[in-house]
Amino acid sequence: MKITFERRATLSRPVLFAAPLIALGLAMLTSLILFAALGKPAGQALYSLLLEPFVGWYNISEVLLKMGPLMLIAQGLAIGFRANVFNIGAEGQLIIGALFASALPVYFPEGASPLMLPAMIALGALGGATWAAIAAGLRVRFNANEILVTLMLTLIATQVLNYLLLGPWKDPNGFNFPQSVIFPDAALLPILLSGTRVNISVLAALLISALAYVMMRYRFSGYQLLVGGLAPRSARYAGFTEARAVWVSLLLGGLMAGLAGACEVAGPLGQLQRSVSTGYGYSAIIVAYLGGLNPLGIVVSAFLMAALFIGGDNAMVSADLPVAAVFVFQGLLLVFYLGSLTFIRHRVILNWAGRA
Amino acid sequence: MAPLLQLSGVSKRYGGVQANAGIDLSVDAGSIHAILGENGAGKSTLMKLIYGVERPDEGQVLWQGQAVTLSSPSDARRLGIGMVFQHFSLFETLSVVQNMALIVPGSKGELAARIRDLGAAFGLSVDPQAMVHALSVGERQRVEIIRCLLLNPALLILDEPTSVLPPQSVALLFDTLRALRAKGMAILFISHKLEEIRELCDTATILRQGRVTARLDPRQGTAHDLATLMIGRPMPPPVHPTPHGLGEERLALSNLTFANDDPFGVSLTDVSLSVRGGEILGIAGISGNGQQELAALISGEIALKSGGKAVMLMGQPVGDLGAAARRQRGLAFVPEDRLGRGAVPDMSLADNALLTAHSRGLVKNGFINRKLERAFTADCIARFDVRTSGPQAEAGSLSGGNLQKFIMGREMMLEPSVLLVAQPTWGVDIGAAADIRQRLVAMRNAGAAIVVISEEIDELFEICDRLQVLHKGRLSPSVEVAATSVAKIGTYMIGAVA
Numbered sequence: 059m060k061i062t063f064e065r066r067a068t069l070s071r072p073v074l075f076a077a078p079l080i081a082l083g084l085a086m087l088t089s090l091i092l093f094a095a096l097g098k099p100a101g102q103a104l105y106s107l108l109l110e111p112f113v114g115w116y117n118i119s120e121v122l123l124k125m126g127p128l129m130l131i132a133q134g135l136a137i138g139f140r141a142n143v144f145n146i147g148a149e150g151q152l153i154i155g156a157l158f159a160s161a162l163p164v165y166f167p168e169g170a171s172p173l174m175l176p177a178m179i180a181l182g183a184l185g186g187a188t189w190a191a192i193a194a195g196l197r198v199r200f201n202a203n204e205i206l207v208t209l210m211l212t213l214i215a216t217q218v219l220n221y222l223l224l225g226p227w228k229d230p231n232g233f234n235f236p237q238s239v240i241f242p243d244a245a246l247l248p249i250l251l252s253g254t255r256v257n258i259s260v261l262a263a264l265l266i267s268a269l270a271y272v273m274m275r276y277r278f279s280g281y282q283l284l285v286g287g288l289a290p291r292s293a294r295y296a297g298f299t300e301a302r303a304v305w306v307s308l309l310l311g312g313l314m315a316g317l318a319g320a321c322e323v324a325g326p327l328g329q330l331q332r333s334v335s336t337g338y339g340y341s342a343i344i345v346a347y348l349g350g351l352n353p354l355g356i357v358v359s360a361f362l363m364a365a366l367f368i369g370g371d372n373a374m375v376s377a378d379l380p381v382a383a384v385f386v387f388q389g390l391l392l393v394f395y396l397g398s399l400t401f402i403r404h405r406v407i408l409n410w411a412g413r414a
Numbered sequence: 306m307a308p309l310l311q312l313s314g315v316s317k318r319y320g321g322v323q324a325n326a327g328i329d330l331s332v333d334a335g336s337i338h339a340i341l342g343e344n345g346a347g348k349s350t351l352m353k354l355i356y357g358v359e360r361p362d363e364g365q366v367l368w369q370g371q372a373v374t375l376s377s378p379s380d381a382r383r384l385g386i387g388m389v390f391q392h393f394s395l396f397e398t399l400s401v402v403q404n405m406a407l408i409v410p411g412s413k414g415e416l417a418a419r420i421r422d423l424g425a426a427f428g429l430s431v432d433p434q435a436m437v438h439a440l441s442v443g444e445r446q447r448v449e450i451i452r453c454l455l456l457n458p459a460l461l462i463l464d465e466p467t468s469v470l471p472p473q474s475v476a477l478l479f480d481t482l483r484a485l486r487a488k489g490m491a492i493l494f495i496s497h498k499l500e501e502i503r504e505l506c507d508t509a510t511i512l513r514q515g516r517v518t519a520r521l522d523p524r525q526g527t528a529h530d531l532a533t534l535m536i537g538r539p540m541p542p543p544v545h546p547t548p549h550g551l552g553e554e555r556l557a558l559s560n561l562t563f564a565n566d567d568p569f570g571v572s573l574t575d576v577s578l579s580v581r582g583g584e585i586l587g588i589a590g591i592s593g594n595g596q597q598e599l600a601a602l603i604s605g606e607i608a609l610k611s612g613g614k615a616v617m618l619m620g621q622p623v624g625d626l627g628a629a630a631r632r633q634r635g636l637a638f639v640p641e642d643r644l645g646r647g648a649v650p651d652m653s654l655a656d657n658a659l660l661t662a663h664s665r666g667l668v669k670n671g672f673i674n675r676k677l678e679r680a681f682t683a684d685c686i687a688r689f690d691v692r693t694s695g696p697q698a699e700a701g702s703l704s705g706g707n708l709q710k711f712i713m714g715r716e717m718m719l720e721p722s723v724l725l726v727a728q729p730t731w732g733v734d735i736g737a738a739a740d741i742r743q744r745l746v747a748m749r750n751a752g753a754a755i756v757v758i759s760e761e762i763d764e765l766f767e768i769c770d771r772l773q774v775l776h777k778g779r780l781s782p783s784v785e786v787a788a789t790s791v792a793k794i795g796t797y798m799i800g801a802v803a
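So the protein sequences, as listed, match chains Z and S.
If you're matching positions, the first sequence starts at 59 in this note's numbering and goes up one per residue.
If you're matching positions, the second sequence starts at 306 in this note's numbering and goes up one per residue.
One or more hints might be untrue.
To give an idea of the interface, some chain S residues facing chain Z are shown, with a C-beta separation under 10 Å as derived from the structure [as the list claims (entries may be wrong)]:
no. : residue
1   : 534
2   : 648
3   : 650
4   : 732
No lab work stands behind these hints, which were simulated from the structure alone.
The structure displayed is predicted, hence computed values, not measured ones.
Virtual Cβ for every residue (Gly too), placed ideally from N, Cα, C.
Between the sequences and the hints, there should be enough to build the whole structure, so can you do that?
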């Protein structure tokens, strides 16, 4: 038998939508075998990983809560990735965004102005964008690789966070825990679904996803970024400058990560803590690629990834899975998904006779 | 005696395209056999089958009377088949001699010496230590030819080998090929230059739409007859422009000197030129003498750090401005690389129209007007006879010639005051090439200023009013086409005149 791959003239739509489902099926099958080999209750593990996040209002609301920041950050990153600008430091931009936003309630713990919250959000976005701007400036001026610079800036951001929480911003009545004062109500996002922790930031994330879609699909500025990513020499030929692409990509990525940071401290945390940095900035990279770098795809992949986070937590408790097994499952999902992408571009021809 | 190579009933399909259908071909030792056909007629596919790059779906290949299965180029090379591709098969990140060492046995020192010897013998000079990525299109082809000759093949396949050589070197190459023929080598010679085929070849096989339409002796009959057989209809007549009233100066370079940072690039020294509305200035010369740099300096892809006055566009200094600003002032440009520069391969033709036509009202308030974009693209496809499934086809799916027509059409539809065209007909079939030349002349007659950078000296003589020759980063003085000759320009091209 001879197997050949033939390039399709146009992308296959059915496969485009089937690919994530196929990947999910294959990842489930493989991990069933793996979990069984580990001597863990495979059925229970899969149930916890995949189904439990959708069972019960509480679980669903926690998925929505995690989905917001993932989606927000991934949208910003995906724009840059499509322009070949690789911002790997969204985690640091998120931290700085959270810091900027926290400055107001930290210095005005009794504040009750209705302007407090909008100002925090704006400061958060500004903080994230500023942090990313350092990388953009270094890249444009000195051609310093943005992958390395954003990554190293994340390490610095973490240390700045530690310094503030252990020093000047530590809550004087906080029993020496590394955390800020509890924010006043005026500094907290309104709850969207009563009885849960889901706040209106998830709506903001959806709105920004729609804006990202419009930008990449209908705006000339989005088109210029796409050209720069697909064919840098074509961009130079047309006169779309690389410096502009770097600035736009990094500022948008930083802005959205900073926004996510502000929404975390003004949302579920309600104060500045070290746990503001839980790896959303890194997970969002996977979310961006799983969503095909497409704003609509990212909405779906952010939801799936959030569910996997919740499911992973559940599985560790209920099926006694090691945390590594959860990562393995996520990795399998990504690998199978990337593999199935081949079939979007290519069709498989099976030739049983061996020759025509 | 059995022919050296015989093909019977060979067919090959790619997806929905029948590239070769029932081809019979017989090549004798000690002969030069021409394969003629338009772009897309199936010449390259046929050569790939003979060279083992692709395997035929049907049919038989006989080598010295024995049936053979060629499943890779190394099989073909073992039999004694060498090939110089039209699209080069060199590793860009390796040096010339490293590329050779991949298939030719021997130490790098020996190889470098042999490369220099062959280069000297055939006028194919190339630095064995140079990195391939820094070589021009022309230099890369020289490397390919030398690489084949190093293996002493029994059958040598040459795909458009002369398109990058100056006239003097073509004559030298032909001497070489004749010498090789005299030694009993068989040569398959693909060219669209019909006069060359008549001068050099013993036999010609003509392909059209994947089938053999004629077998003949090219020395019988005229080039015009061959062309008619090849494109299946009478040839469009050549379009020598008649003298014409000139407008104001549109583009001028004055004493432009550009020091290239790239160690393998070419620096330009003291380059001056001036083009007025209603004329075509040709820049002759072999690729790698500063053509890429000159084009990028005019287009704005390379902007000068200071001294904007060295480049004047429409009477304004633009040397320190980028490509977008120069386009706004009325410049359009067709680059020599189509995929990845003139067009984005993974984008649709409609999106590729937007690349430079965005100024034509296709973008309003920052939003892309998809309807106008499609209309512009459909118009371009229709007016420039681009063979494609429609505006949504990906640029990368078009043949080289069709994509060139599209890019040329897009830039012409911008109605530029100054049009810069690099290698307008490189890899384009003769029907389409004649069409492109006619359109350039029509634009000139409508008052545009046009600069054509080309290696095709006949083409330059056909359409240009004046010529300058670029050699080692210096530009010769301008000469009127009517007052010069191919031989004179050829001496400039090899630097025989200071």
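Q: Kindly indicate which numbered hints from before are broken by the structure, ordering the numbers from low to high.
A: Result: hints 1, 4 break, sorted rising.
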